[in-house]
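Chemist: Spelled out from the first residue to the last, the chains are:
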Amino acid sequence: DAKTTQPNSMESNEEEPVHLPCNHSTISGTDYIHWYRQLPSQGPEYVIHGLTSNVNNRMASLAIAEDRKSSTLILHRATLRDAAVYYCILRRLGANNLFFGTGTRLTVIP
Amino acid sequence: AAGVIQSPRHLIKEKRETATLKCYPIPRHDTVYWYQQGPGQDPQFLISFYEKMQSDKGSIPDRFSAQQFSDYHSELNMSSLELGDSALYFCASSTWTGANSPLHFGNGTRLTVT
Chain A
1 DAKTTQPNSM
11 ESNEEEPVHL
21 PCNHSTISGT
31 DYIHWYRQLP
41 SQGPEYVIHG
51 LTSNVNNRMA
61 SLAIAEDRKS
71 STLILHRATL
81 RDAAVYYCIL
91 RRLGANNLFF
101 GTGTRLTVIP
Chain B
1001 AAGVIQSPRH
1011 LIKEKRETAT
1021 LKCYPIPRHD
1031 TVYWYQQGPG
1041 QDPQFLISFY
1051 EKMQSDKGSI
1061 PDRFSAQQFS
1071 DYHSELNMSS
1081 LELGDSALYF
1091 CASSTWTGAN
1101 SPLHFGNGTR
1111 LTVT
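Keeping their order, the protein sequence lines are chains A and B.
FYI, the working numbering numbers position 75 of the first sequence as 75, with every residue one higher than the one before it.
Every number in the working numbering is 1000 more than the matching position in the second sequence, counting from 1.
None of these hints come from the bench; they were simulated from the model.
None of the values given here were measured: they were computed from a predicted structure.
Hints are supplied without guarantee of correctness; some may be wrong.
What the hints assert, rightly or not - Below, in silico cross-link-like pairs of lysine to aspartate or glutamate (EDC-like), each with a Cα-Cα straight-line distance of 20 Å or less: (1) A/Lys-3 x B/Asp-1056; (2) B/Lys-1052 x B/Asp-1030; (3) A/Lys-3 x B/Asp-1030; (4) B/Lys-1057 x B/Asp-1042.
Claimed, not checked - Every beta carbon over 12 Å from chain B, so not counted as near; a handful from chain A, in silico: (5) Ser-9; (6) Pro-17; (7) Ser-41; (8) Asn-56; (9) Val-108.
Positions of the beta carbon are idealized from the N, C-alpha and C atoms, including for glycine.
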């Protein structure tokens, strides 16, 4: 499986936008880019996913580079509830698995 | 909306005992996944099932087995428990649409082996 690289940790002030980067230089054409997050003492939670085009949903936006070797998860207005570990995961089309790497621990400062 | 239900929430066992964890997927979800998360670790994929058949296998020890039943619920059976098996065990479910279907996770079962 293609690997992703994320910063170990990031900080953001409350109510400011947050841009969480992810590098995936060995991505293949059939790999979807998924983002999950895990709040303390909870199971992972799906955030967003995409293949080539930028995606928006009620939780976040996903910006995918034109060459697909990197992507950025955008939280438009961080709240204290967004403090979590964010995982960027490549998931191959047809794969019945999801492998978590080492994500980014986001701290939101009041 | 209905979520993934796992039982029990907490389980305490002694070394060499057996444990069974249960997972009830979201209605109409036909794929179930099991994960193990040790203290301070990231979730590790163990195994998945689609339509009651094993569909993928990760780092599941030979002492563990799992199955998916006709009502789509799944059970993870763990035998000869070791101290290192103490962890959070998560179950997730999805519909079978390949990589385009998000996983929905339960809140986990915390297993403590003493």
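Chemist: The structure should be examined with respect to each hint, and the outcome stated for every one.
Modeler: Hint by hint, here is what the structure shows:
no.	hint	in the structure
1	A/Lys-3 x B/Asp-1056	holds (19 Å)
2	B/Lys-1052 x B/Asp-1030	holds (8 Å)
3	A/Lys-3 x B/Asp-1030	violated (28 Å)
4	B/Lys-1057 x B/Asp-1042	holds (17 Å)
5	Ser-9	holds (14 Å)
6	Pro-17	holds (23 Å)
7	Ser-41	violated (8 Å)
8	Asn-56	holds (15 Å)
9	Val-108	holds (21 Å)
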